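J.: Protein chains in written order, with this note's numbering: chain A, 1 to 396; chain B, 1001 to 1255; chain C, 2001 to 2151.
Hints in this document: simulated from the structure, not taken from any laboratory. Warning: the hint list may mix true and false statements.
Said to hold, decoys possible - Quick partial rundown of chain A residues pointing at chain C, CB under 7 Å, derived from the structure:
id : residue
1  : MET93
2  : LEU146
3  : THR147
4  : VAL150
5  : ASP152
6  : SER154
7  : TRP160
Unchecked claim - No farther apart than 30 Å at their CA atoms in a straight line, the calculated lysine-lysine pairs in the DSS-like style are these:
id : chain 1 : residue 1 : chain 2 : residue 2
8  : C       : LYS2118   : B       : LYS1120
9  : B       : LYS1120   : C       : LYS2100
10 : C       : LYS2128   : B       : LYS1133
11 : B       : LYS1158   : B       : LYS1120
12 : B       : LYS1199   : B       : LYS1181
13 : A       : LYS144    : C       : LYS2006
14 : B       : LYS1182   : A       : LYS191
15 : C       : LYS2128   : B       : LYS1196
16 : A       : LYS280    : B       : LYS1228
17 : B       : LYS1181   : A       : LYS354
18 : C       : LYS2006   : A       : LYS156
19 : B       : LYS1196   : C       : LYS2118
20 : C       : LYS2128   : A       : LYS9
21 : B       : LYS1195   : C       : LYS2118
22 : C       : LYS2006   : B       : LYS1196
23 : C       : LYS2128   : B       : LYS1077
24 : C       : LYS2097   : B       : LYS1236
25 : A       : LYS9      : B       : LYS1077
26 : A       : LYS163    : C       : LYS2006
27 : C       : LYS2118   : B       : LYS1092
On a predicted model such as this, the values are computed, not experimentally measured, just so you know. For every residue, glycine included, the Cβ atom is placed at its ideal position computed from N, Cα and C.
Letter by letter, the chains look like this.
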Amino acid sequence: MEHLYEILKQVDGFIYPNEIVLQWGILIVLYPYITGLVAGAFILASLERVFKVKVLRPTYHLALLTALAFLIVAGLPLISHLGHPFRAYEILMTPHFSSAMAIFGFVYLWYLMVVLLLELWFDYRRDLVIWSQQAKGFKRRIYKILTLGVTDLSPKALAWDEKLGYIVTVIGIPSAFLLHGYVGFIFGSIKANPWWSSVMMPVIFLLSAMVSGIALVMFLYMIISWIRKVEIDMACLDEIGKFLFMVLILDFTLESLDQVHRIYEAEESFEILHMLVTGKLTYTLFIFQGLLGTIIPILTLGFFRLYLPKEKLRKPLYFLASCLVLFGVFFMRWNVVIGGQLFSKSFLGFTSFKLGMVGLEGFWMALVWMILPFLILSFILWLVPPWKKQQEETVP
Amino acid sequence: MGNEKLNASRRNFIRKSALLAGTFMASSAVKPFSAILFAANEPGKTEPWYAIGIDIEKCIGCGNCAKACKSENDVPKDPFYYRSWVEQYAIKNDGTMSVVSPNGGIDGFTQTVPDDEIYKTFFVPKMCNQCYKSPCVQVCPVGATFVSPEGVVLVDEKYCMGCSYCVQACPYGCRYLHPEKKTADKCTLCYHRLKKGLKPACFEVCPTGARIYGDLHDENDELHNFLKDHNTQVLKPHLNTGSKLFYNGLSSEVR
Amino acid sequence: MPSQLKTLLPLLVVFIVIFFVARHFLVPESFGKYGHYRANAMDEIADLPIHYAGKEECVACHDKEAALLASDAHAGLSCEVCHGPGAKHADDPEVNKLIKPGTREDCGKCHNLNPARKIEVIDQIDIKTHHLEKENCIDCHNPHAVWEMKN
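Only chain A is shown next, with the shape it has when bound in the complex (with noise of 0.2 Å):
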């Protein structure tokens, strides 16, 4: 508690005295940001199977299990900051359907357990069976849990993997946008907070979500490619620098019509709120999330649309891309999480934020849930190499 006597000295203008303390830290940054990288990886994914991008087939099983290594983390660092954590059962036995938030565990289960669990198995079950056969030890014994018992591999059924997957998979669309849309819906519809109460609120999440989930799934595709000393496949890699592109420009656009609006209307919160973007947010709001992470990439991105360099450039270009793009949206989610508990809802002043190293709501407990997802992801690709996988007879 000795820091906060110190933000008490930090105290700019007249803050009501219960707002001293910051509610939500870097932990509730962290959770829109994961779950964006989810939705977002999904999104890129389902454009091969539902909207049949065949070009980004290198890259559809990929995207599918970084989307589950990220959701398996997701849930973690809101538990944690919860102030009573062994409570959070809670929230799926009494949910109050009039909170955004009563709905989290419903829609994390269905979207971990019917979408992307369902998919991944419908799309596996196949090698999972072969795999099963082929392996030994452990890893045969953990194949043949994962076939469920479900072992037939007749032409029949495999049709119906097919088919079933695809229904799963269109589901998972509208899933996908409920998963990470509610987040946004958890801020926007707060009346009392003028930085997050907008009816966009939801749709610049979702869509920062895509973009950050493309720009993932870009980012580990090199990587992994790199590691694996193969060869990338730059048609595949081009189309996932178009989608980003896209995307970018209409978040970017989306994103700045609500301020635009802000300062239009001029409401009361308008100058405290001029006051926060110029004042407490300037580097992360203007640098870090606009011109590094969506202006370069933009530029980048936008010239590509132009003019197709070579790829011996065109390859650290997009890894930067990808690495600015993960940089600015991880800021977006701060600035509106901390941001918003900047300033005093009475308008009338500022309180601070000083980000702890140590401790559950620290730096280093940040790093560990966002480096923990990516050691999840090198067990699953070590598990079910979507390389490894039988080629396809047909062309679904």
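Fit chains B and C to the known structure of chain A by using the hints.
T.: Chains B and C in isolation, oriented as in the chain A frame:
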């Protein structure tokens, strides 16, 4: 002759439509706006329906209310957690405004702006507005905070999981996360005292009678006299929180 | 029915059954009685301890002071305004004694000159300059009979 008939039927039509429109408008006025300014419960209920009145003209900023509140409700004494507090607004002659609430007003206020620079200054006591359309209750994901049948907004500290969503949703800054209990905490209108027929602590110790509370269902309650005798306002009415905390003498600068 | 669904659908049913069984055990009993909350919480809150006894409690024993106060400027005040929370004292008067404030800071909390205080609402003096020959307010003023000067 045909013209007269036409005019008569036209007059008739206008008359009938006016009657219809008038009835429609009158009946629509009756239902949604009942009793006291959006804050009344359905009539016919037998429990009390508590509301609060604060008279800014009578507040002397002694801070007794904030102090008593912390004692009565075992609120941590650190200057970061308040169920009730007092603010001082000082508008200066140059047009600037300073708002302070040193330790919530518990130790009183010392004069910081010299007399000759003051244009207008006054104290504003704050506490939970006991909203009946409260946004804090709306956003609780598990049902740990609720409006009791008596109109008091309470927190179930055995059920609250400490997500702090309600703290974010309160437009008046009335909530905090208890540092030891790790659950949401707020003014309960001293529910434990109301149930025993005692006044909430802050009302008990106010020396000037600036704070009053009462039962909106009881026409003879002093709160009704307060509401009838004064021009009252609630904080942030545009947010439609159903606030039941009515201020007399609320100046336009107050947030 | 394809073999996949023959395995998956029963699994789904099992999962739903487990969910409802868990719900039966995990949802608290009084939940939902009056609304989406645990009704017993209201009783638990109602049973919290009292710290301020209320003026009636004080007057029950201290009738002499109360009688004096009744015709005084401070008549409208509750005893605990100055003397602090008295519930523990009412339970065990000898053990839990209350404070008897009377210094300039104590009385100044209400009566010190402050432009935000309306003079019609409360009498004010400047505690830094008011009758400096005496140290405390109660050296001259009886708090229960403030205009009956002690000298």
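J.: Return the numbers of the hints above that this structure violates; sort them in rising order.
T.: 2, 3, 6, 9, 10, 11, 15, 16, 19, 21, 22, 24
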